[in-house]
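Chemist: Residues per chain, in single letters:
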Amino acid sequence: MILQVKNLVKSFDGFMAIAGVNFTVKKGELCAIIGPNGAGKTTLFNLITGHLSMDKGQIVFNDIDISRLNAHKVCRLGLGRSFQRINIFSRLTVFENIQAAVLTHRGKSFNFFTPVQPLFQEETHEILERVGLQEHQDEVSGSLAYGFQKQLELGIALAMEPKMLLLDEPTAGMSAQETRATIELIGEIVKEKGLTLLFTEHDMSVVFSISERIMVLHQGKLIASGPPDEVRANPEVQKVYMGESR
Amino acid sequence: MNFDFSFVAIQFLYGLTNAMFIFLIASGLSIIFGVLGVLNFAHGSLYMLGAYTTYQCVSFFVDSPGYFWWAVIVASVTVALLGGIIERLLLRRLYQHEQINQLLFTYALVLILSDVARFIWGVDQLSVSRPAVLKGAVEIFGQYFPKYNIFIIFLGPSIAFLFWFFMLRTRSGRMIRAAALDRETLGSLGVNVDRLFTVVFVIGSWLAALGGALVSPVVTIRPGMDVEIIINAFIVVVIGGLGSFWGTFLAALMVGTVYSMGILVFPRLSMIFIYVIMVLVLIIRPWGLLGRPLQR
Amino acid sequence: MSRQNWVLIAVLVLLALVPLTGSRYYVFLLTDVLIFGLFAVSLNLLLGYTGLVSFGQAAYFGIGAYAYALLIKKAGLTFGVAFALTGLSGAAAALIIGFFCVRLTKIYFAMLTLAFSQIVWAIIFKWNSLTGGDTGIYGIDFPEFIGSKTKFYYFTLIVVVVSVFLLRRIVNSPFGRILTTIRDNPERTESIGINVKLFQLLAFIVSGFFSAISGGLFAIFNHSIFPDFCYWPISAEVLIMTLLGGMYSFFGPMVGAGVLLYLRLEVTSYTQYWPFILGSILVLLLFFFPGGIVGFFQDQIKKWRPSK
Amino acid sequence: MKRLLVITTICMVMVAFSLPAMGAKDIVVGFPMYLSGGGAVFGKPSAEGAKMLVKEVNDSGGVLGRKIKLLVRDCKNSPDEATRVAKEMINKNNIDFLVGGLTSSQGLALSEVAKQEQILYIAPISKVAGMTEPPRLHKYVFRSAANSKTEGRSGAVLAAKNKKWKRWATIGPDYSYGHSVTAAFIPWLKKLRPDVEIVHQAWPKLGESDYMPFINVVMASKPDAVFGSLWGGHFINFAKQASPLGFFKKIGFVSAGEAGCLEAVKGAGDDMPAGIISNTYDTFYYPDTPWHKAWVKQCQAFTGEKYPSSWLGTGYDAMKFLTEAIKKAGTTDTDAVIKALEGLTINSSVGKLKMRAKDHQAARGQYWGTLTKVPEYPFLILKPVEYIDAEKLME
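Residue numbers (my numbering), protein chains in the order written: chain A, 1 to 246; chain B, 1 to 296; chain C, 1 to 308; chain D, 1 to 395.
Quick caveat, the hints were computed from the structure, so don't treat them as lab data. Certain hints may be false.
30 Å max Cα-Cα, derived BS3-like pairs, lysine-lysine [stated by the list, open to error]:
(1) A:K239 with A:K73
(2) B:K135 with D:K222
(3) C:K151 with D:K139
(4) B:K147 with D:K249
(5) A:K108 with C:K197
(6) B:K135 with D:K249
(7) D:K161 with D:K266
(8) D:K392 with D:K352
(9) A:K193 with A:K6
(10) D:K293 with D:K328
(11) C:K149 with D:K352
(12) D:K327 with D:K352
(13) D:K69 with C:K149
(14) C:K149 with D:K139
(15) A:K56 with C:K197
Predicted model, so just to flag it, every value in this text is computed and none were measured.
Model the full structure from these sequences, guided by the hints.
Modeler: Here's what the structure looks like:
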């Protein structure tokens with residue numbers, strides 16, 4: 001078990017966003033969380049990564065209780081994260097984006113006087129290559145094409161050498177072609193590094209093509225969990241999710 | 001010194017008067033921040049212009065009956081329109097910029113407007129007489145208390161109540177409240193956000209100018225009154241919670257009365273009390289007494 | 001060595017030669033510019049590099065000035081000790097104030113820094129017995145070994161160059177790089193394992209340290225100090241300098257300080273409507289040159305050389 | 001590209017402007033003055049008065065055959081600005097002498113600049129006594145204004161005349177001037193009238209806009225009379241707020257801080273209380289002597305106003321001291337002019353005025369009187385008015 005979520009509860013101003021969620025993820029597993037808009041997927045991710053504090057419950061990652069840890073501590077334990085909206089350092093170059101992540105991962109962030117430019121060139125380039133951005137390394141990341149920015153975000157997450165990746169809609173806003181390329185890239189990387197993957201996605205074909213297990217979130221509760229075929233056949237899922245057809 | 005009850009009570013009433021003036025100014029500042037997200041340094045300048053324009057109008061209308069009230073209305077509306085023009089032509093273009101740019105733009109307005117006022121009205125101390133009906137004082141607890149102050153004490157809550165009614169019961173009011181909560185959603189619901197912002201800025205400017213107009217019989221109208229008031233208004237808005245209407249009301253009451261009662265106890269340190277309240281609020285509830293904590 | 005470094009050395013040599021012209025005007029102006037330049041650059045560590053809008057930076061400038069004056073005049077310390085403690089006093093104040101400020105973001109942060117600086121001002125204004133109240137502290141003489149305006153100019157030049165050099169090392173260090181990631185995206189920075197609040201606080205302290213150094217220098221330069229050093233218009237002025245020069249370039253604030261102080265000196269000779277002119281400059285800047293002077297020239301250079 | 005060109009042009013023009021004007025043999029006098037903000041109402045006429053003297057001198061051929069050039073600069077309300085502006089003028093414009101400053105803290109600040117830069121400074125308005133007393137007294141500072149000590153003491157002289165006033169309260173702005181003038185008033189009053197007691201002291205901050213709470217506390221202490229040192233607009237504010245309460249009808253009021261000056265009586269309009277005792281630097285309606293009438297005429301001609309400001313005299317007298325001293329010294333050498341100034345007597349806006357050698361303080365008294373409504377003027381004037389000579393009040 002790399003991740004255990006027990007009895008998780010979170011409400012905003014009386015609105016139950018997460019109403020008692022329980023699940024576990026095995027090491028090396030490729031898991032998807034699906035659910036209609038507003039089901040609480042992003043909130044769930046934010047709770048796991050410590051960006052939000054929970055009301056009740058417990059989260060254990062890699063045998064460590066991370067229920068009360070801050071986001072920056074959680075991520076140091078090896079839980080990488082990408083965001084639904086583009087979340088990069090837009091005034092920095094592509095290279096600097098990745099390098100910043102490498103720096104913190106290698107514990108160099110408290111160095112006040114060493115010139116930063118020559119540090120970790122090799123490691124950074126390796127990641128740039130892995131996510132296919134070596135061509136663009138000197139461009140200001142904010143002016144990159146959308147798809148590249150998403151790849152860059154993945155690169156930042158990878159630079160932390162995570163044990164597990166949480167990707168929030170990694171293909172949101174992409175064209176069909178970009179989506180396919182991105183999914184392939186993610187699949188490759190995950191397999192190559194032996195990572196555990198938990199992601200949310202709105203594109204069902206993507207979900208069913210790479211997930212080993214699918215969990216369905218509805219109104220803050222998990223209503224189904226299992227292999228793709230089983231979930232697809234679940235009548236309740238069909239009612240709340242597929243029925244909405246969008 | 002021993003104080004009779006009556007003097008303490010009167011002291012409290014003076015605090016209330018002051019609180020109502022601060023409330024008028026600060027509520028405009030607060031609503032502009034709440035909806036537009038702009039911290040308007042120039043708010044004090046609009047207050048000053050309100051006072052100067054009132055002086056000007058009083059000298060125009062002085063022969064007609066009820067001239068003071070006409071002057072107040074004309075002056076505050078004129079300045080409110082000026083606020084609208086500033087928002088429409090200039091401030092609007094900065095919404096996409098970083099917040100620091102909006103802040104500095106309003107500061108630039110402070111500089112420009114103070115010199116414009118100096119250019120038009122010079123540096124003399126101007127003054128406006130109290131309207132005839134409110135001259136003199138009445139007896140409360142055996143002490144004299146100015147009629148004009150009583151008028152202000154009643155006016156403040158009335159405006160607060162009208163405002164509250166407007167926000168809660170009218171469509172425009174609901175839209176403004178919604179805009180304060182979530183701008184993007186409102187735009188996607190088909191509301192003309194641009195126009196709404198202008199309206200809010202005009203209302204805010206009007207409140208500032210009204211404050212200036214109403215204070216003109218009590219103080220001298222002079223250069224520098226813009227900067228004096230803005231600091232007090234900031235303090236009140238911070239204590240009450242940025243963007244919180246009732247918070248502003250509560251904080252204005254607090255600041256006004258604590259200041260006047262403080263004078264009874266430690267005459268020289270009254271101002272420090274206010275700063276101490278501000279620090280305590282900021283440390284314990286950084287988002288202010290009735291403000292909402294910021295998510296992210 | 002890079003081209004930029006050559007330019008810097010050339011500028012330095014020119015600055016060192018200025019007193020040889022015998023013009024006390026330029027020595028006076030440049031001392032002022034150097035001091036405020038350091039102040040603006042230290043503010044920009046927060047503004048341009050960490051994305052924190054401090055609207056109360058005058059507090060640390062004023063604390064530096066008062067700390068130096070009090071240590072020399074009341075505590076009777078030697079110059080070296082007092083000057084070293086000046087920087088530390090700013091850092092200490094920044095630690096305390098920053099601890100509360102970094103918990104807030106954006107405009108709330110700006111308001112809180114402003115509030116604290118007003119409190120510092122009020123305390124200095126009211127604490128007559130220690131600070132002299134509105135009349136300030138007077139008679140702060142040049143230390144013996146820099147007993148003339150020219151010598152003080154060189155002293156200022158050295159202190160400012162060393163400080164700016166250190167600040168430049170800091171912004172080009174891994175720490176500085178992390179600050180820029182916080183500026184661009186604090187949330188994401190947290191997700192690469194950074195304690196954002198801690199880094200913001202550290203930046204705040206470093207900035208407070210150098211602001212206080214510039215305040216201490218100004219106390220010696222001015223010979224007397226006043227509560228107004230902490231008052232908010234000074235905070236606004238240094239912000240304007242920073243934006244005028246360009247907050248996204250390291251030396252921009254220095255250029256901004258130079259241009260603003262020079263302009264003020266010239267314009268006030270002709271008209272008393274300087275606030276109006278400053279306000280208009282600011283409006284022009286915001287609408288037409290949002291990158292500031294240095295940003296504007298950088299853009300022009302980029303246009304001439306589209307790709308490298 | 002176009003913008004670049006514009007910017008370059010602007011830069012070049014500015015550099016051209018900044019080249020110091022060479023070859024000027026004028027005697028340059030720097031005059032930093034409070035010209036924007038609340039005190040500008042007094043700063044402006046003071047600067048006008050200085051200009052008037054300069055015109056008078058230059059029209060008659062200047063001093064030592066050289067013209068006087070007066071550089072007036074705005075220094076707002078802060079000592080910090082005054083210091084900066086003065087230093088700028090010293091370093092950039094090579095001024096020979098420094099005159100100016102309005103608030104007490106500005107006077108002290110400019111005195112400090114004078115000491116450091118070794119330039120002669122004359123304070124035309126700032127009153128805080130400490131400026132011309134050790135330890136702050138030094139050889140470069142002079143004051144043509146009255147100081148807070150003579151002002152407070154002369155106020156006490158008038159206050160002591162009314163035997164019914166036994167319980168006294170004071171109200172003054174919480175900064176150096178307010179404190180120093182009150183500190184001069186109280187012991188002098190007690191000396192003249194041992195039976196008085198001080199029942200309350202109120203210290204609103206300088207620039208306070210709401211005096212109501214202070215007024216209430218003062219009234220609560222039930223004084224027979226109050227000594228105030230709120231000046232200019234501060235007094236007007238105070239008067240506007242106190243009048244409706246019958247404050248001035250119930251309680252005697254002795255006001256230092258030139259509450260009796262023209263700006264204040266005009267500014268307060270209806271709310272200016274008749275019957276209070278106050279002072280002013282000088283007046284345009286008194287004394288009724290030929291030289292004073294001539295002086296008023298000069299003021300009227302220069303300003304184009306029927307009732308010229310009494311503050312013209314402040315700038316005028318300070319500049320007159322300076323030019324007379326230069327004439328007497330026969331040189332602009334600072335040390336020589338300082339020597340010449342010590343003990344110099346001039347014909348000022350208030351008649352013969354002597355600069356004491358001992359403490360560089362002009363032995364200047366004040367016009368005191370009771371604000372009274374008279375048919376000749378559309379505002380209150382001091383009547384009866386008397387000039388209280390300073391010599392008796394100074395050490």
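Chemist: Determine for every hint whether it applies to the structure shown.
Modeler: How the hints compare with the structure:
1. Using a Cα cut-off of 30 Å, the hinted pair K239 of chain A and K73 of chain A is violated, with the two alpha carbons roughly 39 Å apart.
2. Distance hint between K135 of chain B and K222 of chain D is fulfilled; the C-alpha atoms sit about 24 Å from each other, no more than 30 Å.
3. With a CA separation close to 26 Å, the supplied pair K151 of chain C and K139 of chain D stays within the 30 Å bound.
4. Of the pairs offered as hints, the one joining K147 of chain B and K249 of chain D holds, with about 18 Å between alpha carbons and a cut-off of 30 Å not exceeded.
5. The hinted pair formed by K108 of chain A and K197 of chain C meets the criterion: a straight-line CA distance of about 17 Å does not exceed 30 Å.
6. Simply put, K135 of chain B and K249 of chain D have alpha-carbon atoms about 16 Å apart, close enough for the 30 Å limit, and the pair holds.
7. Among the hinted pairs, K161 of chain D with K266 of chain D is consistent with the structure: their alpha-carbon atoms are about 28 Å apart, no more than 30 Å.
8. Restraint check: the Cα-Cα separation between K392 of chain D and K352 of chain D comes to about 16 Å, which is no more than 30 Å; the hinted pair holds.
9. For a cut-off of 30 Å, the pair hint linking K193 of chain A to K6 of chain A stands: about 27 Å separates their Cα positions.
10. Note on K293 of chain D and K328 of chain D: the hinted pairing holds, with a Cα-Cα distance of about 27 Å set against a maximum of 30 Å.
11. About 41 Å separates the Cα atoms of K149 of chain C and K352 of chain D, which puts this hinted pair outside 30 Å; it is violated.
12. A distance of roughly 17 Å separates the Cα atoms of K327 of chain D and K352 of chain D; the hinted pair therefore holds under the 30 Å criterion.
13. Between K69 of chain D and K149 of chain C the CA atoms are separated by roughly 26 Å; this keeps the pair inside 30 Å, and the hint holds.
14. For the suggested pair K149 of chain C and K139 of chain D, the alpha carbons sit about 21 Å apart, so the restraint of at most 30 Å is met.
15. The hinted pair formed by K56 of chain A and K197 of chain C meets the criterion: a straight-line CA distance of about 25 Å does not exceed 30 Å.
In the structure shown, a violation is registered for the earlier hints numbered 1, 11, in ascending order.
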